[in-house]
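Protein sequences, first through last, are from chains S, A, C and V.
Okay, so the first sequence: first residue is 1 according to the UniProt record's numbering, each after it adds one.
Okay, so the second sequence: first residue is 1 according to the UniProt record's numbering, each after it adds one.
Okay, so the third sequence: first residue is 1 according to the UniProt record's numbering, each after it adds one.
Okay, so the fourth sequence: first residue is 1 according to the UniProt record's numbering, each after it adds one.
No lab work stands behind these hints, which were simulated from the structure alone.
A quick note: this is a predicted structure, and the numbers were derived from the prediction, not measured.
Don't take each hint at face value.
Since copy identity is lost for identical chains, a pair holds within one copy or between any two.
Stated by the list, open to error - In silico SDA-like cross-links for lysine to any residue, where the CA-CA straight-line distance does not exceed 25 angstroms:
{"no.": "1", "residue 1": "Lys195", "residue 2": "Met228"}
{"no.": "2", "residue 1": "Lys101", "residue 2": "Trp225"}
{"no.": "3", "residue 1": "Lys195", "residue 2": "Glu162"}
{"no.": "4", "residue 1": "Lys55", "residue 2": "Met175"}
{"no.": "5", "residue 1": "Lys101", "residue 2": "Leu7"}
{"no.": "6", "residue 1": "Lys55", "residue 2": "Met228"}
{"no.": "7", "residue 1": "Lys195", "residue 2": "Asp218"}
{"no.": "8", "residue 1": "Lys195", "residue 2": "Thr223"}
{"no.": "9", "residue 1": "Lys195", "residue 2": "Gly62"}
{"no.": "10", "residue 1": "Lys195", "residue 2": "Ala61"}
{"no.": "11", "residue 1": "Lys55", "residue 2": "Tyr123"}
{"no.": "12", "residue 1": "Lys105", "residue 2": "Phe144"}
{"no.": "13", "residue 1": "Lys55", "residue 2": "Glu280"}
{"no.": "14", "residue 1": "Lys195", "residue 2": "Trp225"}
{"no.": "15", "residue 1": "Lys195", "residue 2": "Phe232"}
{"no.": "16", "residue 1": "Lys105", "residue 2": "Pro201"}
Protein chains: 4
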Amino acid sequence: MDEPTNLNLYRRLRRRTALILFTTGKTDAISRFVDLVLIALISLNILAVVLESIKDLQALAGPYFYAFEVFSVTVFSIEYIARVWSVVDNPWNPTHTHPIKGRIKYMITWMALIDLIAIAPFYLSFFATDDLRVLRALRLLRIFKLTRYSSAMTLLFQVFREEARTIGAALFVSMLLMFVASTLAFVVEHPVQPKVFSSIPASMYWATVTMTTVGYGDMVPLTPWGKMLGAFIGIIGLGMVALPAGILASGFSSALHRRRAILEEHVEGVMEDGIITIEEKDELNQLVQQLNLSEFDTRAIMHAVRVRQAEEAMETCPHCGKRIHEPDDADTDNPETGA
Amino acid sequence: MDEPTNLNLYRRLRRRTALILFTTGKTDAISRFVDLVLIALISLNILAVVLESIKDLQALAGPYFYAFEVFSVTVFSIEYIARVWSVVDNPWNPTHTHPIKGRIKYMITWMALIDLIAIAPFYLSFFATDDLRVLRALRLLRIFKLTRYSSAMTLLFQVFREEARTIGAALFVSMLLMFVASTLAFVVEHPVQPKVFSSIPASMYWATVTMTTVGYGDMVPLTPWGKMLGAFIGIIGLGMVALPAGILASGFSSALHRRRAILEEHVEGVMEDGIITIEEKDELNQLVQQLNLSEFDTRAIMHAVRVRQAEEAMETCPHCGKRIHEPDDADTDNPETGA
Amino acid sequence: MDEPTNLNLYRRLRRRTALILFTTGKTDAISRFVDLVLIALISLNILAVVLESIKDLQALAGPYFYAFEVFSVTVFSIEYIARVWSVVDNPWNPTHTHPIKGRIKYMITWMALIDLIAIAPFYLSFFATDDLRVLRALRLLRIFKLTRYSSAMTLLFQVFREEARTIGAALFVSMLLMFVASTLAFVVEHPVQPKVFSSIPASMYWATVTMTTVGYGDMVPLTPWGKMLGAFIGIIGLGMVALPAGILASGFSSALHRRRAILEEHVEGVMEDGIITIEEKDELNQLVQQLNLSEFDTRAIMHAVRVRQAEEAMETCPHCGKRIHEPDDADTDNPETGA
Amino acid sequence: MDEPTNLNLYRRLRRRTALILFTTGKTDAISRFVDLVLIALISLNILAVVLESIKDLQALAGPYFYAFEVFSVTVFSIEYIARVWSVVDNPWNPTHTHPIKGRIKYMITWMALIDLIAIAPFYLSFFATDDLRVLRALRLLRIFKLTRYSSAMTLLFQVFREEARTIGAALFVSMLLMFVASTLAFVVEHPVQPKVFSSIPASMYWATVTMTTVGYGDMVPLTPWGKMLGAFIGIIGLGMVALPAGILASGFSSALHRRRAILEEHVEGVMEDGIITIEEKDELNQLVQQLNLSEFDTRAIMHAVRVRQAEEAMETCPHCGKRIHEPDDADTDNPETGA
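Here chain S stands alone, though its shape is the one from the complex (with noise of 0.2 angstroms):
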């Protein structure tokens, strides 16, 4: 009679740990305390990475920062292997089921390829003999298992994404004139200064810089017709290389748009029998956060279909008088209305 109740122990508390990792709402408190103190160990992280990097205080604070990473990668191991384990009960992606299948697949997605790159480097750092550098920098890749947390990001990608073709052919065309740019940069300004304007690719840099109006200084056109080039190409650049802000911009602005059509379909629903109970609200709340959307949005939204409705109601028809909209009791026995 024990193990059954073992092995129900072990699989509530798998249910439970993968209900407090996986789970990014506001509903769970311990799941929501775990999610801060992550947050906060990923921020002093990478605020550690920073701060090592600064001779002086590597010098005076070495040990500590050691201990830190070594207290951080603990954390973060145990994390990892805890998402790993208890995957199978995702509440909110049920294609994680099958205990090895399930895991793997996990472990091939990208947040939990973050999450192994956030460890990797401590463990490698014991095999690798020199370039301690590179492997003491890549510690800051765990920036990355933020995106977890923000919300608002995954409308940006899809955003991206949508508006994908388009950016495509603007940074094409930039890239085509980058190119021809750079070229005749190189032609033109090669043989009045050898050294700076060495070959193509220093010539591309150049471009590069000034097509996105950077515009540093290190290399600067002194031939009249590399002068009117540079000049050229800022004024393309800015058209060019700032239509992609534009073009996500205006993306943003009508996948809101299409978002708070939706909301206002679903508050309509919601609002026709003149009343909203609980679980409607809720259902709304959840909506509004899956959308994105600000609580403006919903406000603003309710008052129009409430404005709406109202005006609806009081429509009569111009030939019998009788309102176009019945109220809602007439509305289901329409022919015995008739009768």
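With the hints as your guide, set chains A, C and V onto chain S.
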């Protein structure tokens, strides 16, 4: 019999002061005059702070600057005390009516704190023995007193708040990329120019200057990998860091659309009976000001509504020849028409 | 009998001159030719001013430049006098018909003042003994004479005026931030580089160059706080200073939408009877030009209207099966149909 | 009996060649393969031009570069001749069917000229004795051969043409300001730094670099007036020079909207009978490709249409209980239903 009159006078004076100080519209001539005087004084103060920082001018006209400072602080102090005193009678905001709680509540509003910061440095300078330079510079914060008089700024901040989540997402992604780029730049550039790319924070300064396309040129990559990185984050920067501007602009445009729709609805209601009374006109003007719309919008909307209503009035049913939209008087007693 | 004929001839000549000078459309061949000659002369003048500034060219071809200048001023003077003389017959603007008041009123319009500025420096140069360089440079203002011929610019300025309040708000906030940033930069950088950040005005130049992301690199922060400030206002700058461009672009887009809607309404009216007469076509073309729309818009709108009307023509009432929109001949005598 | 078969074979070969070379879709495997080989070869050519400009590599692998060049030109020459030969059978463009006129007409199209430019420099290099460098650089123009394969670029150019007038207006205003600013900068900066601001053309280079916010720092104003001018045109630049990007982005967004509306109308027609046949699906896919829309759009639109049609099908008249939108079979013989 003396005291009640005095009290009455005191009350009336306080109400008058509140009306003068807390009204920013065009209705009251004295209020408008006080507004203009204060705006002029704030502007002159900013000019004085800027000019005083020029050594030659400071040497030449130091005492005059000081006299002007004393005069300004006196006026601003009187303004501050008058505001706190009369806020209980503020006709536009009834939440500060309590003589003690209301005044304290007012004193911790943004605008009151800005008013306090505008005069505090002067009084603090008597206690501070050194570093007067910082205190003197703090006087420039008086510029924020101007925000009271700009109504269009309210719209700007509103749009900013509405779009905060998406702007935040864009900035968060930019920050992620900036961190990763700085670390990579540190790894590849530090060995070549250890003094320039001395640490990750230094590298972060370079990455930000590049991503915002400022590109001073004081820190410049020298290695091929560093140059590729710089070109890459320059392109990314133009796309990601410029995104908030695009989102804000789109947000503005749709905020204006929504506001115009509200105005249109109001105009429709007002014009339904074909006559615009003076009260209705006043009400409309107030709404236009409240919605931060221009006169151009009003006129365009009124024209559109007029045309639409004229068209609707002319529509007749093709079968019975009657007007589909009956004139107003017939509209109320429709059943009787049928009888 | 001589004088009336003469007077008649004088009047006809004046009317003809007005028609030639004040028409910018494509209707009149002579007017078009005069326009092209003037545009070419203005362009050549700008080229001359630019080339004359090159010392070698000035030394080489000085007399020719002077001869061209005399020729140009003669032509522009004749143009100016002809415009003032004939403006009373301007067929496009009847507010200048009064022989004296009308002409004075015209002379203080923007375009007339620009015409005057185009010739004044030449005549003034006889009185001025030195600083001819400034007067010579002022000749470049002739470029503004070109604005008369650009109709698309009218749309640009219109949108600018419509969006002036929001653009003003964005610039005001930018200015506030710029002032605060310059003061802070002055406080932190002045002790380290007192010659570079010598005063707040110098600091303001740096802040503006950073916020507009120009980033020359002639003034660069050296302290950590200054660098953070620079990075921060670079980000803010891209968001706030670039905002007007976004607002203008959005404004453009919605202005075009409104104009397209006006055109659509007109096209609908014109196409209601299924036939487009030559007069209607002329009228449409004029409207398209007036609204600054392209031919593409017209065609797209005409197609859309045609499709919609075809669909409407096919709609039948679900109850009686009759067409809701009767063909044209039945439409006029509806009551008789019922009889 | 031999010749007709030969002729037939010749005809069939030509038709096959045309089909392979002028089809860019995914339908034909061989055509797809040829496309990919050509894209790869063009890309390798660009890489070769870029790498050959690096002196060490040129010294090391010169002969290999030359061999690759000969190979590439051979392939591109064969491609060019094959295109000119088979264009009369181009199934997508029937305007080149005439054996002589059609081929000449084709040879002066953009794409054919680009193909010619891709090979001409090689053949010209036999005649040119010096300045081979320019001819060698011209080989980079082969990059434009890639434009044949990018369908999204068509949309970009279309939007550009539609918005050309407003973009032109923005650039014209920028140019006016740039001219005036350069002249003013020349007047104030020339006396202080006569070598840097040596002439108005030099000043124009500075003004453009500032207005595009590139800001190299090689030319920098030193006088207070020059600095104010620089700050001012930096702000104007961000507003005016960045305007085209915003206009293009807005134009993109509204072009996509219009295209989506066309697709929606088509989808509606296709889905009216509730069934989508394979032919309809093919037709839809073709339209989606033609309109440069993504699969995401199609799915979203199909979903929206389905929902709307389902809702419409359920609507019943509140008074008689009949469906307002009758099913399709009843729709054609409405009068009979009433009988």
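For each hint, the structure was consulted:
1. Taking CA atoms no more than 25 angstroms apart as the test, Lys195 paired with Met228 passes in both settings, with 21 angstroms inside one copy and 19 angstroms between copies.
2. For a Cα distance limit of 25 angstroms, the shortest separation of Lys101 from Trp225 qualifies neither inside one copy, at 63 angstroms, nor across copies, at 40 angstroms.
3. Proximity of Lys195 to Glu162 under the C-alpha cut-off of 25 angstroms is found in neither arrangement, the shortest distances being 44 angstroms within a copy and 44 angstroms between copies.
4. When the C-alpha separation of Lys55 and Met175 is checked against a cutoff of 25 angstroms, the pair qualifies only between copies, where the shortest distance is 24 angstroms, while the shortest distance within a copy is 40 angstroms.
5. Taking the shortest alpha-carbon separations for Lys101 and Leu7, only the intra-copy value of 21 angstroms comes in at or below 25 angstroms, while the best inter-copy value is 61 angstroms.
6. For a Cα distance limit of 25 angstroms, the shortest separation of Lys55 from Met228 across copies, 20 angstroms, qualifies, whereas the shortest one inside one copy, 45 angstroms, does not.
7. Taking the shortest Cα distances, Lys195 and Asp218 sit within 25 angstroms of each other both inside one copy (12 angstroms) and across copies (18 angstroms).
8. For the homomeric pair Lys195 and Thr223, the shortest alpha-carbon distances inside one copy (15 angstroms) and between copies (15 angstroms) are both at most 25 angstroms.
9. In this homomeric assembly, Lys195 and Gly62 come within 25 angstroms of each other (Cα to Cα) only across copies, at 21 angstroms, whereas the closest approach inside a single copy is 42 angstroms.
10. With identical chains, the CA atoms of Lys195 and Ala61 are at most 25 angstroms apart between copies only, with a shortest distance of 21 angstroms across copies and 44 angstroms within one.
11. Within a single copy, Lys55 and Tyr123 get their C-alpha atoms as close as 24 angstroms, which meets the 25 angstroms cut-off; across copies the closest is 43 angstroms, which misses it.
12. Taking the shortest alpha-carbon separations for Lys105 and Phe144, only the intra-copy value of 20 angstroms comes in at or below 25 angstroms, while the best inter-copy value is 43 angstroms.
13. Taking identical chains as interchangeable, the C-alpha atoms of Lys55 and Glu280 are never at most 25 angstroms apart, the minima being 58 angstroms within one chain and 68 angstroms between chains.
14. In this homomeric assembly, Lys195 and Trp225 come within 25 angstroms of each other (Cα to Cα) both inside a single copy, at 18 angstroms, and across copies, at 19 angstroms.
15. Proximity of Lys195 and Phe232 under a CA criterion of 25 angstroms is satisfied in both settings, with 23 angstroms inside one chain copy and 23 angstroms between copies.
16. For the homomeric pair Lys105 and Pro201, neither the shortest alpha-carbon distance inside one copy (42 angstroms) nor that between copies (38 angstroms) is at most 25 angstroms.
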